[in-house]
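Sequences and hints are given; from them, build the entire structure.
Protein sequence lines, in the order shown, are assigned to chains A and B.
If you're matching positions, the first sequence starts at 69 in my numbering and goes up one per residue.
If you're matching positions, the second sequence starts at 8 in my numbering and goes up one per residue.
I should point out that these hints are in silico values taken from the structure, not numbers from a laboratory.
A couple of the hints might just be wrong.
In silico lysine-lysine, BS3-like type, Cα no more than 27 angstroms apart, as pairs [claimed, not checked]: (1) B/K63 <-> A/K95; (2) A/K377 <-> A/K215; (3) A/K368 <-> A/K340; (4) A/K151 <-> A/K340; (5) A/K242 <-> A/K215; (6) B/K63 <-> A/K107; (7) B/K63 <-> A/K132; (8) A/K170 <-> B/K63; (9) A/K122 <-> A/K377; (10) A/K151 <-> B/K153; (11) A/K132 <-> A/K170; (12) A/K95 <-> A/K340; (13) A/K340 <-> A/K124; (14) A/K151 <-> A/K173; (15) A/K173 <-> A/K95.
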Amino acid sequence: MRIFLTTITAAISFFTLISIANSADHKFVPALVFDMGGKFDKSFNQAAYEGAEKFKKDSGINYKEFEVTAPTQREQAIRNMAKRGANVVIAMGFAQAAAVEKAAKEFPNTKFAIIDMVVDLPNVRSVVFREHEGSFLVGMAAAMASKSGKVGFIGGMDIPLIRNFAAGYVEGAKYANPNIEVFQNMTGTTPAAWNNPGKGAELAKSQFGRGADVVYAAAGGTGVGVYQAAVDEGKLAIGVDSNQNYLHPGTMLTSMLKRVDVAVYNAMKDAKDGNWSSGIISLGVAENGVGWALDQYNRKLISAEMEEKINQARKDIISGKIKVKGYQSN
Amino acid sequence: MATLLDKTQQSNRSSPKWITHIVVPLFNLFVALMIAGIVIYFNGDDPIEALLLLIKGAFGNDEFIGFTLYYTTNFIFTGLAVSIAFHCGLFNIGGEGQAYIGGLGVGLVAIYLGHLSPFFVIPLCILAAVIFGASWALIPAYLQAKRGSHIVITTIMFNFLAAAVMTYLMVEVLIEPGQQAPQSREFNNNSWLPFMHEIFNFFGIQISVSSLNFSFIIAIISSLLIWLFIWRTHWGYEIRTTGANQKAAIYAGISPSKNIILAMVISGGLAGMVGINEIIGVHHRLILDFPAGFGFVGIAVALMGRNHPLGIFFAALLFGALYQGGAELSFDIPNITRDTMVFIQGLVILFSGAMEFVFKPYIENIYFFIKNNLLRS
Numbered sequence: 069m070r071i072f073l074t075t076i077t078a079a080i081s082f083f084t085l086i087s088i089a090n091s092a093d094h095k096f097v098p099a100l101v102f103d104m105g106g107k108f109d110k111s112f113n114q115a116a117y118e119g120a121e122k123f124k125k126d127s128g129i130n131y132k133e134f135e136v137t138a139p140t141q142r143e144q145a146i147r148n149m150a151k152r153g154a155n156v157v158i159a160m161g162f163a164q165a166a167a168v169e170k171a172a173k174e175f176p177n178t179k180f181a182i183i184d185m186v187v188d189l190p191n192v193r194s195v196v197f198r199e200h201e202g203s204f205l206v207g208m209a210a211a212m213a214s215k216s217g218k219v220g221f222i223g224g225m226d227i228p229l230i231r232n233f234a235a236g237y238v239e240g241a242k243y244a245n246p247n248i249e250v251f252q253n254m255t256g257t258t259p260a261a262w263n264n265p266g267k268g269a270e271l272a273k274s275q276f277g278r279g280a281d282v283v284y285a286a287a288g289g290t291g292v293g294v295y296q297a298a299v300d301e302g303k304l305a306i307g308v309d310s311n312q313n314y315l316h317p318g319t320m321l322t323s324m325l326k327r328v329d330v331a332v333y334n335a336m337k338d339a340k341d342g343n344w345s346s347g348i349i350s351l352g353v354a355e356n357g358v359g360w361a362l363d364q365y366n367r368k369l370i371s372a373e374m375e376e377k378i379n380q381a382r383k384d385i386i387s388g389k390i391k392v393k394g395y396q397s398n
Numbered sequence: 008m009a010t011l012l013d014k015t016q017q018s019n020r021s022s023p024k025w026i027t028h029i030v031v032p033l034f035n036l037f038v039a040l041m042i043a044g045i046v047i048y049f050n051g052d053d054p055i056e057a058l059l060l061l062i063k064g065a066f067g068n069d070e071f072i073g074f075t076l077y078y079t080t081n082f083i084f085t086g087l088a089v090s091i092a093f094h095c096g097l098f099n100i101g102g103e104g105q106a107y108i109g110g111l112g113v114g115l116v117a118i119y120l121g122h123l124s125p126f127f128v129i130p131l132c133i134l135a136a137v138i139f140g141a142s143w144a145l146i147p148a149y150l151q152a153k154r155g156s157h158i159v160i161t162t163i164m165f166n167f168l169a170a171a172v173m174t175y176l177m178v179e180v181l182i183e184p185g186q187q188a189p190q191s192r193e194f195n196n197n198s199w200l201p202f203m204h205e206i207f208n209f210f211g212i213q214i215s216v217s218s219l220n221f222s223f224i225i226a227i228i229s230s231l232l233i234w235l236f237i238w239r240t241h242w243g244y245e246i247r248t249t250g251a252n253q254k255a256a257i258y259a260g261i262s263p264s265k266n267i268i269l270a271m272v273i274s275g276g277l278a279g280m281v282g283i284n285e286i287i288g289v290h291h292r293l294i295l296d297f298p299a300g301f302g303f304v305g306i307a308v309a310l311m312g313r314n315h316p317l318g319i320f321f322a323a324l325l326f327g328a329l330y331q332g333g334a335e336l337s338f339d340i341p342n343i344t345r346d347t348m349v350f351i352q353g354l355v356i357l358f359s360g361a362m363e364f365v366f367k368p369y370i371e372n373i374y375f376f377i378k379n380n381l382l383r384s
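So, in structure tokens, the structure goes:
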């Protein structure tokens with residue numbers, strides 16, 4: 069009994085010590101609020117998770133996190149993070165804008181960051197990506213790789229953000245081959261469209277049936293089905309957000325990279341190091357915020373000519389010679 | 008065990024109401040939480056601590072209670088909606104879509120008439136929620152009543168139609184000009200329902216800010232009205248008769264098709280009232296996906312609440328507490344994710360809804376055993 073008590077006392081004092089040490093060392097607490105897609109959506113939210121994990125590994129600082137299940141929880145979660153002493157709260161996705169706005173007004177001394185949307189307040193950093201520029205590059209790749217002169221696009225939920233991916237993709241495809249035909253399908257109208265691989269595969273097969281031989285999926289978890297369909301039919305597919313080339317080497321033509329992970333990592337790091345800046349950060353190809361993926365998995369699918377043309381277009385976008393319009397400015 | 012069961016079946020003893028209505032549901036809840044606790048334990052966390060945090064997160068202070076009651080409000084509406092269809096023998100799975108379209112009605116009134124006096128525009132918003140929700144249920148109801156198309160199939164289909172209509176409207180028509188997010192502009196604050204903290208503040212009582220708003224009162228009033236309607240009017244009697252036995256209803260001169268339509272329209276109207284709580288109660292703008300599964304959870308709430316408004320209130324409170332307490336719990340123990348909470352809710356639904364009478368014979372036998380053998384001596 070005495071040994072038992074001693075152990076407990078020792079344990080308690082040990083943990084008290086640790087917690088005191090912790091509160092002294094790590095006054096900095098970053099927080100991340102995922103949106104309804106969930107932390108492991110193999111896409112947007114997961115990229116944020118990876119960015120935060122990298123920060124945790126590099127700095128040894130743990131972060132708070134929350135996955136939203138209902139729209140009301142967005143505001144509740146963001147306020148809760150601020151109230152519990154988070155120094156910087158990062159909100160994932162356009163849907164959290166209203167919640168960030170309310171919380172940022174209520175907690176003017178807390179730093180907030182929102183990805184994919186602009187909230188114009190002095191303590192908010194808004195990170196937006198010029199997805200259409202990256203989509204332009206993979207659109208070119210699709211058009212040049214296509215033998216049938218027909219390529220496809222499969223979006224997730226039909227919202228302006230995804231239409232922006234589609235618009236850039238079409239522009240890029242037409243830039244590489246003015247006669248190209250582009251099929252477009254959206255997976256659905258509910259958030260379930262972000263995670264419906266079965267329907268993704270069906271849509272891909274129908275586009276292949278109509279003659280397309282390259283499809284680009286900007287549909288979160290739904291893309292997994294699209295890529296599988298490409299493997300089954302011996303056609304090509306293009307990944308999105310993260311580098312997904314490794315999923316099916318040989319049929320993954322390339323991936324449109326959207327460096328959400330870098331945006332999240334930087335927001336945490338800047339807040340920690342005192343380099344924080346509020347305002348809008350727009351990330352396009354010039355900032356390496358979006359781009360296309362070339363690695364050992366798709367090396368064989370990209371010819372030297374394709375690589376050269378895409379890189380040239382990339383330079384032209386940076387220099388302003390090519391202006392990618394996207395959906396918003398239409 | 009087998010002998011225990013046999014005995015109950017042979018002797019047709021009836022146990023008191025409090026066994027069926029209080030002890031059995033509580034025991035089912037207890038079993039569900041036990042199993043959840045075992046899983047949490049093997050997941051590496053302390054189940055007792057988790058349970059205490061869950062209860063604290065749901066009822067620990069006035070802010071948490073506010074959020075719990077805010078979720079409860081939605082579940083009361085959808086639970087009542089499902090229950091009234093059940094009384095007519097119909098399985099309304101379309102609460103989700105009816106809530107969505109109800110919210111659209113609220114939003115349209117608030118967008119286009121929001122500048123008018125609150126005393127005019129708020130009742131109009133409530134009316135719009137009911138009418139829009141009801142009309143979304145009317146078509147499946149008509150098809151069931153007159154054409155025999157099964158209501159389960161049609162209401163599920165109408166959920167998808169509602170989502171498609173809303174996405175189209177939010178992306179193409181009602182989107183705030185110059186904005187990328189598919190949501191409408193913020194309403195004129197004449198159309199905002201007062202928050203509870205504002206109402207209390209008006210009477211000089213300070214309570215914490217939460218999403219709880221006047222809709223909660225509307226939900227309570229609706230519960231009372233539904234109770235009156237079902238058990239104290241001849242319309243309610245006709246609906247229950249139709250639900251119990253359509254052939255008998257016809258023989259008694261009651262038209263099943265009329266009652267099917269009536270029950271579904273009321274059901275849709277109630278589901279549509281979720282839009283009041285969400286759209287003019289909390290968000291003050293039309294957004295996508297605000298029903299967030301409340302319509303589906305309403306089925307479980309109605310099942311647990313035995314289709315009685317009082318039971319539905321407590322079942323709604325339970326689910327409200329699980330939603331709110333669960334969110335707080337995942338804040339405190341990151342290892343318990345939202346998926347764990349879905350799992351716990353699933354267990355509660357399984358034991359309280361699907362397997363609600365599994366333990367009942369045993370509990371009754373224990374009751375009779377105590378009554379006959381111990382109390383008699």
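Structure-based check of each hint:
1. A distance of roughly 26 angstroms separates the Cα atoms of B/K63 and A/K95; the hinted pair therefore holds under the 27 angstroms criterion.
2. Distance hint between A/K377 and A/K215 is fulfilled; the C-alpha atoms sit about 17 angstroms from each other, no more than 27 angstroms.
3. This hinted pair does not check out: A/K368 and A/K340 have alpha carbons roughly 42 angstroms apart, beyond 27 angstroms.
4. Under the criterion of a C-alpha separation no larger than 27 angstroms, the hint pairing A/K151 with A/K340 is consistent with the structure, at around 18 angstroms.
5. Restraint check for A/K242 and A/K215: satisfied, since their Cα atoms lie roughly 15 angstroms apart, inside the 27 angstroms limit.
6. Between B/K63 and A/K107 the alpha-carbon distance is near 26 angstroms, which keeps this suggested pair within the 27 angstroms criterion.
7. Proximity of B/K63 to A/K132 is assessed by CA-CA distance (about 20 angstroms); at most 27 angstroms being required, the pair is judged to hold.
8. Annotation: proposed proximity of A/K170 to B/K63 holds, straight-line Cα distance about 25 angstroms (limit 27 angstroms).
9. For the suggested pair A/K122 and A/K377, the alpha carbons sit about 33 angstroms apart, so the restraint of at most 27 angstroms is broken.
10. Restraint check: the Cα-Cα separation between A/K151 and B/K153 comes to about 56 angstroms, which exceeds 27 angstroms; the hinted pair is violated.
11. Taking the CA atoms of A/K132 and A/K170, the gap is about 20 angstroms. The hint holds against a cut of 27 angstroms.
12. Restraint check for A/K95 and A/K340: the C-alpha separation of about 10 angstroms stays at or below 27 angstroms, so the hint holds.
13. Taken as a hint, the A/K340 and A/K124 pair is honoured in the structure, with Cα atoms around 12 angstroms apart against an allowance of 27 angstroms.
14. Note on A/K151 and A/K173: the hinted pairing holds, with a Cα-Cα distance of about 13 angstroms set against a maximum of 27 angstroms.
15. Restraint check for A/K173 and A/K95: satisfied, since their Cα atoms lie roughly 23 angstroms apart, inside the 27 angstroms limit.
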